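As you go down the protein sequences, you meet chains D and Y in turn.
For the first sequence, the numbering used here assigns the number 1387 to the initial residue and increments by one for each residue that follows.
For the second sequence, the numbering used here assigns the number 46 to the initial residue and increments by one for each residue that follows.
The reader is advised that the hints may include incorrect statements.
[Unchecked claim] Below, a list of computed lysine to aspartate or glutamate pairs in the EDC-like style, where the Cα atoms sit at most 20 angstroms apart:
no., chain 1, residue 1, chain 2, residue 2
1, Y, Lys475, D, Asp1516
2, Y, Lys154, Y, Glu184
3, Y, Lys489, D, Asp1433
4, Y, Lys234, D, Asp1433
5, Y, Lys497, D, Asp1516
[Said to hold, decoys possible] Here are some chain D residues the structure puts well away from chain Y; computed CB gaps all over 12 angstroms:
no., residue
6, Ile1420
7, Leu1485
8, Gly1527
9, Pro1632
No lab work stands behind these hints, which were simulated from the structure alone.
Fair warning: this is a prediction, and the values are worked out from it, not measured in the lab.
Backbone N, C-alpha and C fix where the C-beta goes; we use that ideal spot for every residue, glycine too.
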Amino acid sequence: MHGSDFAWSVAFAVPYAAVFCAFVVYPIAYALWIAARPSLYADLIADRLYLPTVVNTLVFVGLGVNVKMFLALLLSGFFMRRRWWIKALLGIYILPWVLAAVQTCISFHWMLIGEQGLVDGLLAALFGIDGPIWFNNRWLGLGSNIVAYVWKWMPFWTVIFLAARMTIPRDIYEAAEIDGATGPRSFVHVTFPMLANLYLICILVSTLWTLGEFTTVYLVSGGGPAGSTEVLATLGFRYAFDANRPELGIAAVMSALPVLIPIVIVLMRRAQASEVQL
Amino acid sequence: MTTLTRRSLLRSSLALTAVGAIARPYVANAAATTATVWWVQGFAQEEDVAFKKIVADYEKASGNTIDYSIAPYAPMRQKIVSAVTGGVVPDMFQNTPAEIIALYAWDDKLVDVSDVVETQREEFTETALLTVRCYNNVEKKRSFYGVPYTVGASMNHIWRPLVEKAGYQMSDIPKTWDPYYDFFKDVQKKLRAQGMRNVYGLGFQMNTAGNDSNARANDFLIAYGGEDIVTKDGKLHLDDPKVRKAAIEMLTYPTTAYKEGFVPPGAINWNDADDNNAFHAKQIVMDIERSLSTEVAIIKNEQDYNDIVTMGLPLSNDGKPVPVEQGSLCGLIPKGAKNVAVAKDFLRYLIQPQILNELLKTGLGRNLPAMPAIVKNDPWWLDPKDPHRVTYVRQGLFGPTVPTFWTSNPAYAQVQNEHVWQTAWAEIMKDGAAPQVAAEKAFKRVEEIFAKYPIAQG
Chain D
1387 MHGSDFAWSV
1397 AFAVPYAAVF
1407 CAFVVYPIAY
1417 ALWIAARPSL
1427 YADLIADRLY
1437 LPTVVNTLVF
1447 VGLGVNVKMF
1457 LALLLSGFFM
1467 RRRWWIKALL
1477 GIYILPWVLA
1487 AVQTCISFHW
1497 MLIGEQGLVD
1507 GLLAALFGID
1517 GPIWFNNRWL
1527 GLGSNIVAYV
1537 WKWMPFWTVI
1547 FLAARMTIPR
1557 DIYEAAEIDG
1567 ATGPRSFVHV
1577 TFPMLANLYL
1587 ICILVSTLWT
1597 LGEFTTVYLV
1607 SGGGPAGSTE
1617 VLATLGFRYA
1627 FDANRPELGI
1637 AAVMSALPVL
1647 IPIVIVLMRR
1657 AQASEVQL
Chain Y
46 MTTLTRRSLL
56 RSSLALTAVG
66 AIARPYVANA
76 AATTATVWWV
86 QGFAQEEDVA
96 FKKIVADYEK
106 ASGNTIDYSI
116 APYAPMRQKI
126 VSAVTGGVVP
136 DMFQNTPAEI
146 IALYAWDDKL
156 VDVSDVVETQ
166 REEFTETALL
176 TVRCYNNVEK
186 KRSFYGVPYT
196 VGASMNHIWR
206 PLVEKAGYQM
216 SDIPKTWDPY
226 YDFFKDVQKK
236 LRAQGMRNVY
246 GLGFQMNTAG
256 NDSNARANDF
266 LIAYGGEDIV
276 TKDGKLHLDD
286 PKVRKAAIEM
296 LTYPTTAYKE
306 GFVPPGAINW
316 NDADDNNAFH
326 AKQIVMDIER
336 SLSTEVAIIK
346 NEQDYNDIVT
356 MGLPLSNDGK
366 PVPVEQGSLC
376 GLIPKGAKNV
386 AVAKDFLRYL
396 IQPQILNELL
406 KTGLGRNLPA
416 MPAIVKNDPW
426 WLDPKDPHRV
436 TYVRQGLFGP
446 TVPTFWTSNP
456 AYAQVQNEHV
466 WQTAWAEIMK
476 DGAAPQVAAE
486 KAFKRVEEIF
496 AKYPIAQG
């Protein structure tokens, strides 16, 4: 490379490197520095909320991601149909994803808020029964968070799988049909194998996103009752701003790194272009 | 079109440098007269209008500039914590949440503002002064780290029409603590018998997240004789049988009322505004709140405003007046502030009695002035035409008061931040723990926290 070429290369690379350092390297390094004291992790373990929160996070991510992805995969097949009303239905179906998360989550909160909520109101009006106080029970609260989360994000992944299905050549299905693979067998022997790699990558990406999910839990159950439905993101927020211990908040979120890093490594390996099947 | 040459480029650069050099003193001068102030948004719009007017008047009088930003309570709390953690701070903010004054003073993160307080020292109530006299663990001394301007005290807020619908008069309400709150259990029973299936007698905040539930725990603790849990020297007195008994009773009464169905089940998850919301929806007959925000929020609805009765706290169970915990809103100057002089000057201006009176009056009197002379000199505060303010003034300013516990020792701020008492409530209400068992667990945690905040005596 000639001197002037090198200078131009540097000139183009420097702004990117500066932005990367300012908005990626610095925040991560700062967070690691703040959360570096080992005593913080001892404080986390000693806190009555931390370990139940880890369990909640695992349940929320495990169920939230897998239920959402599996249903999205199935529904993408439904939306492949060419009828006009199905196209129209798709437009309505993606509304929860299009709307701001704050609005959708607050709507869920108000529907389930107990004796004043829409759900319990309907139960009383239609069946004359008192519904549960949804956010007074850990598992009902956690379940409400998961349902709201799946409802909010399933349309997005359905559209992804719909787009992926559209790229599968029709002649493969025609060949399979000649061999007797129709209906569910076509899904098992053609569609799913063709989408398997994408499905796995989507699961990994969604797991990364969901591990940091804050909005749903904060706005639907609010982490209640008594903090029993917190996930790591909301607990970190509580430590930082309610308990005025920002370093403990960052440590709580950082404690997810042992899970996050292996997922990123697997994701990077799976995302290599040569391995994508479509 | 002008052609850019080396000579023209040099000429332009020199000109820009010259302009910069000439302009610099002006910029520096402007910075020296500007203070950045973060202010919490009021419950009523009038409170923000009042603040903006005070700022405009100050700027006109002083020639300084107040570069303010007004944000709601929760975002402001996050902004303050982030700023102090990151080290890039404004010149002044309020104690949002209230206890940060004690925590930041302990860590030597606040500027000593004794010189500002001294300008009006004689005017302040003794309790208001105590709420800002905090301990600095670096300098090993107490000093004034905040400038108080308003105080708040817990009050009962009651729907008179609901009491009357139940067949009672307001004069039927007992005067002492437990019978007082038991009365609303009977009101609920009578209202339910008339078909009001979702009405509850008591609006206690029972959550483990907000500030109001901390105030409720302290109200009950004091009422049952536990006001010496932390003394002014910062010492914890959980070894005092009277305090322990009071704490157990504080854990017992509200949780029993909750389990018996006299508090809305959702109260365990309420945020700080939800008791107000439930009260306005007439889901609860009474509420306790540490300001007139309940009333001020509906001041434009004259009938509802007049239907609410504001009452002071009842007497203790043995018939003595209960000192109410008085918290103050105050101005804080963080260390690292660029313009301490203007921030102090603004605070000195703000706490002049006539200025402070204007600020609070225009803001509808939701909070009380920290200076009794203001209400004595202005008949507006004790005007009997307003059904709420007179009671609030009498209880909050002229009744017996004690400072917030965390002022004496910031350990109690952490007790509140961790919601130690409310966690015990939750264990009793949700998990069925016995109050004695939950109390022992809470006592242990309180002692652990206090061990981290030793205060030198002398």
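Against the structure, the hints come out as follows:
Taken as a hint, the Lys475(Y) and Asp1516(D) pair is honoured in the structure, with Cα atoms around 19 angstroms apart against an allowance of 20 angstroms. With a C-alpha separation of about 11 angstroms, the suggested pairing of Lys154(Y) with Glu184(Y) holds against the 20 angstroms cut-off. Under the criterion of a C-alpha separation no larger than 20 angstroms, the hint pairing Lys489(Y) with Asp1433(D) is consistent with the structure, at around 14 angstroms. Among the hinted pairs, Lys234(Y) with Asp1433(D) is inconsistent with the structure: their alpha-carbon atoms are about 40 angstroms apart, more than 20 angstroms.
Only pairs whose Cα atoms come within 20 angstroms are accepted, and Lys497(Y) paired with Asp1516(D) is rejected, the gap being roughly 47 angstroms. Here Ile1420(D) does not stay apart from chain Y, with its beta-carbon only about 8 angstroms from theirs, under the 12 angstroms limit. The Cβ of Leu1485(D) sits about 22 angstroms from the closest Cβ of chain Y, beyond the 12 angstroms cut-off, so the non-interface label holds. The beta carbon of Gly1527(D) is not kept farther than 12 angstroms from every beta carbon of chain Y, the shortest such distance being approximately 9 angstroms.
A beta-carbon of chain Y comes within 12 angstroms of the beta-carbon of Pro1632(D); the shortest separation is about 5 angstroms.
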